[in-house]
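Novice: For the protein sequence lines, the chains are A and B, in the order given. Our numbering puts the first residue of the first sequence at 1, with every later residue one more than the last. Our numbering puts the first residue of the second sequence at 1, with every later residue one more than the last.
Certain hints may be false.
The list that follows gives simulated cross-link-like pairs (lysine-lysine, DSS-like), each with its CA atoms no further than 27 Å apart [claimed, not checked]:
1. A:Lys102 to B:Lys126
2. B:Lys102 to A:Lys127
3. B:Lys102 to B:Lys12
4. A:Lys119 to A:Lys102
5. A:Lys102 to B:Lys119
6. B:Lys119 to B:Lys102
7. B:Lys17 to B:Lys126
8. A:Lys17 to B:Lys102
9. A:Lys127 to A:Lys12
10. A:Lys12 to B:Lys102
11. A:Lys102 to B:Lys127
12. B:Lys12 to B:Lys65
13. A:Lys65 to A:Lys126
14. A:Lys102 to B:Lys12
15. A:Lys102 to B:Lys17
16. A:Lys119 to B:Lys126
17. A:Lys126 to B:Lys102
18. B:Lys102 to A:Lys119
19. A:Lys65 to A:Lys12
20. B:Lys102 to A:Lys40
21. A:Lys12 to B:Lys127
22. B:Lys126 to A:Lys17
23. B:Lys12 to B:Lys119
24. B:Lys102 to B:Lys40
25. B:Lys12 to A:Lys17
26. A:Lys17 to A:Lys40
Keep in mind the hints are simulated off the structure, nothing from the lab. Values in this document were obtained by computation on a predicted structure and should not be read as measured data.
2 protein chains.
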Amino acid sequence: MASDHFSCSIGKDSVSKVEAGLDSSDIHGADIRFHGVVRKTEDDREISAIRYTFYQDMALQELEKIGADMTIAFPDHRAMVYHRVGEVTVGEASILIRVQTKHSAAAFEICREYLRRIKETVPIWKKPVFV
Amino acid sequence: MASDHFSCSIGKDSVSKVEAGLDSSDIHGADIRFHGVVRKTEDDREISAIRYTFYQDMALQELEKIGADMTIAFPDHRAMVYHRVGEVTVGEASILIRVQTKHSAAAFEICREYLRRIKETVPIWKKPVFV
Chain A
1 MASDHFSCSI GKDSVSKVEA GLDSSDIHGA DIRFHGVVRK TEDDREISAI RYTFYQDMAL
61 QELEKIGADM TIAFPDHRAM VYHRVGEVTV GEASILIRVQ TKHSAAAFEI CREYLRRIKE
121 TVPIWKKPVF V
Chain B
1 MASDHFSCSI GKDSVSKVEA GLDSSDIHGA DIRFHGVVRK TEDDREISAI RYTFYQDMAL
61 QELEKIGADM TIAFPDHRAM VYHRVGEVTV GEASILIRVQ TKHSAAAFEI CREYLRRIKE
121 TVPIWKKPVF V
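The shape of chain A in the complex, shown without the other chains:
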């Protein structure tokens, strides 16, 4: 789903590949990119990766709903969310949330709120791959 204000996708590409394709903006003075990275331990046990699975239609639908709600709550921002699925190795990012605003103050709050909502409601499941 893509609009002027919000776009989202789910796929197997690395976050860095997706990020390389992002356009710049000359009307947004603040551009925040949040990366959620796979850490090397899960419940104090060493892991090599996390395998992400998702319920495709519902996950995208839920992301779109979050984007629509956030566009109403914070009209003056632009955001994109990318969630990687499949096996994501330790040290790599599984999610990218990019938020652009005219001024910096709002960007942190908006980005944090996207993350909170995504964690709460988007049906993407993680399964650690133990070493």
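Keeping the supplied structure of chain A fixed, place chain B upon it in accordance with the hints.
Specialist: Frame of chain A; chain B shown alone:
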């Protein structure tokens, strides 16, 4: 200045070039990158760029001080700050603040606090280049 916890630099390279050289981490689950971007208007007048000048020794010294203070205030984070100087064209970033934390909640607060302090005390001056 570089330590395990904090590094900072000021230079003429683009932020994207600097960002391409960043290492990943397998102990930090949150990785935030704030880009401060040059917008196309300044005081309602169209500009083509902003020219940044700085008082080199004092600017680096002040960044180091902020890093040291922040490391005491928030011991469990890693950060790097890069400020670009010279002419930065509209749509390009003049500053990168990267903050890594184990969990996501703290990262936003810490990154925002770096930005606030840098704006407040680091002697880097901006002069718009009007079209």
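Novice: Does Lys127 of chain B lie within 27 Å of Lys12 of chain A when you go C-alpha to C-alpha?
Specialist: Roughly 43 Å between the alpha carbons, so the hint for Lys12 of chain A and Lys127 of chain B is violated.
Novice: Check the hint pairing Lys12 of chain A with Lys102 of chain B against an upper bound of 27 Å on the C-alpha distance.
Specialist: Holds, at roughly 24 Å.
Novice: Between Lys17 of chain A and Lys40 of chain A, is the straight-line Cα distance small enough, at 27 Å or below?
Specialist: holds (22 Å)
Novice: Between Lys126 of chain A and Lys102 of chain B, does the CA-CA distance stay at or below 27 Å?
Specialist: Cα-Cα ~18 Å, so holds.
Novice: Given the hinted pair Lys102 of chain A and Lys17 of chain B, is their alpha-carbon gap at most 27 Å?
Specialist: holds (23 Å)
Novice: Does Lys126 of chain B lie within 27 Å of Lys102 of chain A when you go C-alpha to C-alpha?
Specialist: Distance of about 18 Å is within 27 Å: holds.
Novice: Taking 27 Å as the top limit, are the C-alpha atoms of Lys119 of chain A and Lys102 of chain A close enough?
Specialist: Status holds; Cα separation ~26 Å.
Novice: Quick one, are Lys12 of chain B and Lys65 of chain B close enough, alpha carbons at most 27 Å?
Specialist: OK: Lys12 of chain B and Lys65 of chain B at ~22 Å, within 27 Å.
Novice: Are the Cα atoms of Lys102 of chain B and Lys127 of chain A separated by 27 Å or less?
Specialist: holds (19 Å)
Novice: Is Lys17 of chain B close enough to Lys126 of chain B, meaning Cα to Cα at most 27 Å?
Specialist: With Cα atoms ~21 Å apart, Lys17 of chain B and Lys126 of chain B stay inside 27 Å; holds.
Novice: Does Lys119 of chain B sit within 27 Å of Lys102 of chain A, going by the straight-line distance between their CA atoms?
Specialist: Holds - the C-alpha atoms of Lys119 of chain B and Lys102 of chain A are around 16 Å apart, at most 27 Å.
Novice: Are the Cα atoms of Lys17 of chain A and Lys102 of chain B separated by 27 Å or less?
Specialist: Between Lys17 of chain A and Lys102 of chain B the Cα gap is close to 24 Å, so the pair holds against 27 Å.
Consistency with the previously given hints fails for numbers 3, 16, 21, 22 and 24, ordered from lowest to highest.
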